[in-house]
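All residue numbers for the sequence shown refer to the working numbering, where the first residue is 4 and numbers rise by one.
Straight-line distance between alpha carbons at most 25 Å, and here's what the computed DMTMM-like set of lysine to aspartate or glutamate pairs gives: (1) Lys-45 with Glu-84; (2) Lys-111 with Glu-101; (3) Lys-123 with Glu-135; (4) Lys-137 with Glu-124; (5) Lys-125 with Glu-135; (6) Lys-120 with Glu-135; (7) Lys-45 with Asp-83.
Pair by pair, the computed Cβ-Cβ distance ranges are: (8) Pro-19 with Glu-124: 40 to 46 Å; (9) Met-71 with Trp-30: 21 to 27 Å; (10) Pro-60 with Glu-84: 27 to 33 Å; (11) Met-71 with Pro-19: 17 to 23 Å.
FYI, nobody ran anything at the bench for these hints, they're computed from the structure. Even for Gly, the Cβ is constructed at its ideal location relative to N, Cα and C.
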Amino acid sequence: MTGSGEVAPESVRVTPNVRIPLAELSWRFSPSGGPGGQHANKVNTRVELRFNIEHSPSLGPHQRARLMARLGPELRIVVDEARSQGRNRQLAQQRFIERMAAGLHVEKTRRPTRPSKGAKEKRLTEKRQLSERKQNRRRPVDE
4 MTGSGEVAPE SVRVTPNVRI PLAELSWRFS PSGGPGGQHA NKVNTRVELR FNIEHSPSLG
64 PHQRARLMAR LGPELRIVVD EARSQGRNRQ LAQQRFIERM AAGLHVEKTR RPTRPSKGAK
124 EKRLTEKRQL SERKQNRRRP VDE
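Using the sequences plus the hints, can you model the full thing?
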């Protein structure tokens, strides 16, 4: 259970079709570097999240291939921005979801289209008007 009384999820939802069980995520905690005095020296607030893409049973072959090409065999996220381990954990999980979703995103293939008749007419009208405007700027020719 979490602090608000709701049951903690057993998996992370990356996309509507992809869920990664929490058991596949490897968490490591260590003291955060830099200034902070006694608090920083004794509390393990730095979070390192690792996910093995290459050997994950939760991913299909196409998903695995796409992620391996874009992210490599292992995804590693390190967060030490907040003072609390819980907040850094949330940030790491959020970044994990964002990176995985971006890695799985498939761009739609562009279907070539032709400009409509109205678009062609508009372009030619604007071109004609610009030409007339420039001709009006010229000095008159003395006859």
